[in-house]
Amino acid sequence: MADAIKVFLKSFIRLPKGGAVFYAWVAFLLVLISFGLGSYIKQIDKGLIITAMRDQVSWGFYIANFTFLVGVAAAAVLLVIPAYIYQFKPIKEIVLFGEMVAITAVTMCILFIMVDLGQPLRILHILPKPIGMMNFPSSLLAWDVIVLNGYLVINILLVLYTLYRLSLGKEYKLSLVLPLILLSIPWAISIHTVTAFLYNGLSARPFWNASILAPRFLASAFCSGPALMLIILQLMRKFSKVEIDNKAIFKISELIAYTMGINLFLLGAEIFKEFYSGGIHKAPLEYLYFGLHGKNLLTPWMWTSLMANITAFIIFLIPKTRENFITLNIGAVLIFIGVYIEKGLGLIIPGFIPDSLGEIYEYWPTNTESIITIGIWAVGALLYTLMVKFAIPIYTGELVAENRAAAAAQRAK
Amino acid sequence: MSNKIRSNPLGIKLNRRTFLKGAAAGITASALPFQNAEAFIGEAFLQKHFKEMTDVEIKGVIERLEKEASLEWRKEIHISAAKAKPGVKFGYGLDLSRCIGCRKCVSACVRENNQSRTPQVHWISVLRFKKGEKWLDLENSEKYYNPKEVPEKDFFYMPVQCQQCEDPPCVKVCPTQATWKEPDGIVVIDYNWCIGCRYCMAACPYGARRFNWAKPNIPQNELNAETHYLGNRPRYKGVVEKCTFCIQRTRAGKYPACVEACPVGARKFGNLLDPKSEIRYLIENKRVFRLKEDLNTEPKFYYFFTGWQV
Chain A
1 MADAIKVFLK
11 SFIRLPKGGA
21 VFYAWVAFLL
31 VLISFGLGSY
41 IKQIDKGLII
51 TAMRDQVSWG
61 FYIANFTFLV
71 GVAAAAVLLV
81 IPAYIYQFKP
91 IKEIVLFGEM
101 VAITAVTMCI
111 LFIMVDLGQP
121 LRILHILPKP
131 IGMMNFPSSL
141 LAWDVIVLNG
151 YLVINILLVL
161 YTLYRLSLGK
171 EYKLSLVLPL
181 ILLSIPWAIS
191 IHTVTAFLYN
201 GLSARPFWNA
211 SILAPRFLAS
221 AFCSGPALML
231 IILQLMRKFS
241 KVEIDNKAIF
251 KISELIAYTM
261 GINLFLLGAE
271 IFKEFYSGGI
281 HKAPLEYLYF
291 GLHGKNLLTP
301 WMWTSLMANI
311 TAFIIFLIPK
321 TRENFITLNI
331 GAVLIFIGVY
341 IEKGLGLIIP
351 GFIPDSLGEI
361 YEYWPTNTES
371 IITIGIWAVG
381 ALLYTLMVKF
391 AIPIYTGELV
401 AENRAAAAAQ
411 RAK
Chain B
1 MSNKIRSNPL
11 GIKLNRRTFL
21 KGAAAGITAS
31 ALPFQNAEAF
41 IGEAFLQKHF
51 KEMTDVEIKG
61 VIERLEKEAS
71 LEWRKEIHIS
81 AAKAKPGVKF
91 GYGLDLSRCI
101 GCRKCVSACV
111 RENNQSRTPQ
121 VHWISVLRFK
131 KGEKWLDLEN
141 SEKYYNPKEV
151 PEKDFFYMPV
161 QCQQCEDPPC
171 VKVCPTQATW
181 KEPDGIVVID
191 YNWCIGCRYC
201 MAACPYGARR
211 FNWAKPNIPQ
221 NELNAETHYL
231 GNRPRYKGVV
241 EKCTFCIQRT
251 RAGKYPACVE
261 ACPVGARKFG
271 NLLDPKSEIR
281 YLIENKRVFR
291 LKEDLNTEPK
301 FYYFFTGWQV
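Taken in sequence, the protein lines are chains A and B. Start counting the first sequence at 1; every next residue gets the next number (the numbering used here). Start counting the second sequence at 1; every next residue gets the next number (the numbering used here).
This is chain A alone, in the form it adopts within the complex:
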């Protein structure tokens, strides 16, 4: 234990030390964060009127980002499954970094909810009695608070335990963490299901009130999270001493081919049902892909998203292109963009268009809203950078060796 603490402390002390690229990156993020913070202070002062949200479209870019990031948090579990269920060693070694993505994504989710609240100081009202008046089990938002925080805790525990074992220079004991790892799989599915049900359960919004919403949500989540992992793993390989087997990367891209295939199939099923039967509830989809009553602000975005997803699907489907790093990276970026538009703008906004009284209010985020959003993304990037920087010397065994050498030198004296 004492050794572990020593290693943790050493790594912590080294956190602010780095090369020019590291400093430039952190400074860049800090600038973005301070802009975001400035805009948030303005929002606190003036109210949410500084956003483009109104009574007709009462949730916007913040909730869209929240929804997308719940999906990204799936990254961890898609690595956990092949690593532990199928004992796929190359991926097992990098699960740690997936779990850190989950921690970051859930933290960002919480931040996006916070900036969306009209009365953020009253957030404690959501806790159970006697502090708050949590509406459990009736409100799906209460469920979401529980599952998201639970997922955060599970992943923090897993990361801390892994790092603890690594700092002792040992593999981790599977028997100890296995229950937690096994729990994390259904739990990850539950955060997506509950978040999808949050929208799905509202009969007032026909676009969300379709049983395909939760499956589609899961399918796209299992595309965007791993796509992000593909990029992060390559960056880590480039900028640190961490070695990542190509096999792991190709396995992830193979998995994406399946999930994107399912995602596109489910989208097709939804589009068929709405347009072939042709009832009034096709209005939101019509608005998305063709525009409604001449209003079509989101249409170019939705087609971009669809094209990006289809192209990426083809790239990941063909073994040659998914094992070529140029096409693989193009595919990963396309999926990230495609799912970001689809799960962000394309899922939340059309729930409100047309609104429940038939009005079409075209929503597009204001600059202030976008700056706050970018600020939160920068917080996420900073958090992840620091977590990875903290973990890498422990992960590579660099600090452990140093520690041992120091101890040996002491003994030799």
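BS3-like, lysine-lysine: derived pairs with alpha carbons at most 30 Å apart:
hint	chain 1	residue 1	chain 2	residue 2
1	B	148	A	295
2	A	273	B	292
3	B	85	A	129
4	B	143	A	46
5	A	10	A	170
6	B	181	A	129
7	B	104	B	292
8	B	67	A	46
9	A	129	B	83
10	A	6	A	173
11	B	153	A	295
12	A	42	B	48
13	B	59	A	129
14	B	131	A	282
Ranges between beta-carbon positions, derived for each pair:
hint	chain 1	residue 1	chain 2	residue 2	range
15	A	160	B	57	42 to 50 Å
16	A	41	B	263	43 to 51 Å
17	B	294	A	157	41 to 49 Å
18	A	15	B	59	49 to 57 Å
19	B	72	A	276	54 to 62 Å
20	A	35	B	144	29 to 37 Å
21	A	361	B	72	29 to 37 Å
22	B	52	A	237	50 to 58 Å
23	B	74	A	290	51 to 59 Å
Everything labelled a hint here was simulated from the structure, so no lab data went into it. Being a predicted model, the structure only gives us computed values, none of them experimental. Cβ atoms here follow ideal geometry from the backbone N, Cα and C, with glycine treated the same way.
Could you slot chain B onto chain A? The hints should help.
For chain B alone, coordinates are given in the frame of chain A:
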């Protein structure tokens, strides 16, 4: 319409002018020395949920809120916490064949219920439809119209406000129980408990809920000082509000402001549990329907046709 005086919803004799008495008291309040209203922030932060407070605690909170509001608005403001009366469940009737789309109900509602003027908040939306076109799915409704004269030849109108559902989806989804249905059937909000997440707005099939995107702005001399804790007291930035059937008036035996303001008598109101009430007569003798009945929200807001046009 008959010339008989309509029986009021609770069967109480009332003086319609009593609500004006508070106006005079305002002068005294403006003499109060200016104090920083922020002195109450700590107390406001620790305030309990309305339903969790004892009567004594409610009294204390209301004293503080009245003081806060009086300081801010520089006139004396009364906040009632009148409870629902036993044996009362309010219901509303709207005669679509009479409505002429004048929206006098909207302006009466804004004044009575202290809605923000800028940004503009309306609890009632009067939808306009072109005759002969489909209308029940509301897809072709028009909210923004400004004719020289109403009614317009080619159009008909349908006002929509909170339908006071018996099974309200907004209450079901609120994560903090800041909104609930009172025993007399009115769906209310505790403006001091709402966190402003707007989940209720997503859940409402009638577009009845309004959010205070900015600090509500009301001319000081137009502020209605006779208020109810769960109703028309001045609201805060960042909380949701909605129609409460004028809880401050109806629990005192008066009609809602919109009912009184309607020049054609299209709006009816009364106690659903009283077999002799006007609303019961309408339900039993007219062909009534409720909006979006397929959603099973069981509104207590009945639309009907008397069968003749204004």
